[in-house]
Amino acid sequence: DAKTTQPTSMDCAEGRAANLPCNHSTISGNEYVYWYRQIHSQGPQYIIHGLKNNETNEMASLIITEDRKSSTLILPHATLRDTAVYYCIALSGNTPLVFGKGTRLSVIA
Amino acid sequence: GAGVSQSPSNKVTEKGKDVELRCDPISGHTALYWYRQSLGQGLEFLIYFQGNSAPDKSGLPSDRFSAERTGGSVSTLTIQRTQQEDSAVYLCASSLSPGLRSDGYTFGSGTRLTVV
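Chains as they are written, first to last, in our numbering: chain A, -2 to 106; chain B, 19 to 134.
In short, the hints are calculated from the structure, not lab data. Just to be clear, a hint being listed does not mean it is correct.
Claimed, not checked - Derived DSSO-like pairs (lysine-lysine); straight-line CA-CA distance at most 30 Å:
| id | chain 1 | residue 1 | chain 2 | residue 2 |
| --- | --- | --- | --- | --- |
| 1 | B | Lys35 | B | Lys75 |
| 2 | B | Lys75 | A | Lys98 |
| 3 | B | Lys75 | B | Lys29 |
| 4 | B | Lys33 | A | Lys49 |
| 5 | A | Lys0 | A | Lys49 |
| 6 | A | Lys98 | A | Lys0 |
| 7 | A | Lys0 | B | Lys35 |
| 8 | A | Lys49 | A | Lys98 |
| 9 | A | Lys66 | A | Lys0 |
Predicted, not measured: the structure shown is a model, and the values here were computed from it.
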């Protein structure tokens, strides 16, 4: 599975959009991009995933570049409860998710 | 049930004792995963069950760790002769089917294991 690179930490003002980048330059054609987050003392929570088209659900939007070498997770109106570690994972087939270090997002009032 | 249930939520054990951690996945989920997370660390994959296939044990850190899944549902993670470095939160997750990718993993709240 492709290695992903994310910034260690980011800050975002409450009510503003949080844009979390992820580089996956070695991603292969059959690998999906998954995003999870882990709020302190809880298990990880699935957010969204995509292959090549942009995706949107009630939690977030996922923008994948045309060459699929990077993507951005967008939380349109961040709240204090969105403070968490966000994980970007590239994955194919039946292999289990492997979590990296993720991005620690702090939403500030 | 509505979610993945893990028990106990907390476990304190003496070094050298055996422990069993239980996971009840979401009904109908064929895939089940165990992870652990040491304090301040990332999630470490341990083992994966998919239907009736042989489990993927590639993440188990030593032969003191084992897991089984009975009847394709409940899973038990057993740690024999516990050591202090086994102290961590043990997380279980299940998914409808890894091949569909139509949903993600649903994680339980974990079991916090402390070896003293």
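TODO: Take the C-alpha atoms of A/Lys0 and B/Lys35, compute the straight-line distance between them, and say whether it is at most 30 Å.
DONE: With a Cα-Cα distance of about 38 Å, the restraint between A/Lys0 and B/Lys35 is violated, given a limit of 30 Å.
Open item on the list: With the threshold set at 30 Å, check whether the alpha-carbon distance from B/Lys35 to B/Lys75 stays at or below it.
Closed with: 22 Å, holds
Task: Pairwise hint evaluation, B/Lys29 against B/Lys75, where the allowed Cα distance is 30 Å at most - done: Since the Cα atoms of B/Lys75 and B/Lys29 sit roughly 23 Å apart, the hinted pair holds (cutoff 30 Å).
- [ ] Quickly compare the C-alpha distance for B/Lys33 and A/Lys49 to 30 Å and report which way the hint goes.
- [x] 49 Å, violated
Open item on the list: Does A/Lys49 sit within 30 Å of A/Lys0, going by the straight-line distance between their CA atoms?
Closed with: Distance ~17 Å between A/Lys0 and A/Lys49 Cα, so the pair holds.
TODO: Take the C-alpha atoms of A/Lys49 and A/Lys98, compute the straight-line distance between them, and say whether it is at most 30 Å.
DONE: Given that 30 Å is the threshold and the Cα spacing comes to 24 Å, the pair holds.
Open item on the list: So if I understand the rule, the pair passes when the alpha-carbon distance is 30 Å or less; does A/Lys98 with A/Lys0 pass?
Closed with: Given that 30 Å is the threshold and the Cα spacing comes to 12 Å, the pair holds.
- [ ] Sort out whether A/Lys98 lies within 30 Å of B/Lys75, counting only the CA atoms.
- [x] Holds, at about 22 Å.
Task: Agreement of A/Lys66 and A/Lys0 with the hint, judged by alpha carbon distance not exceeding 30 Å - done: 11 Å, holds
Violated hints for the displayed structure, listed by number in ascending order: 4, 7.
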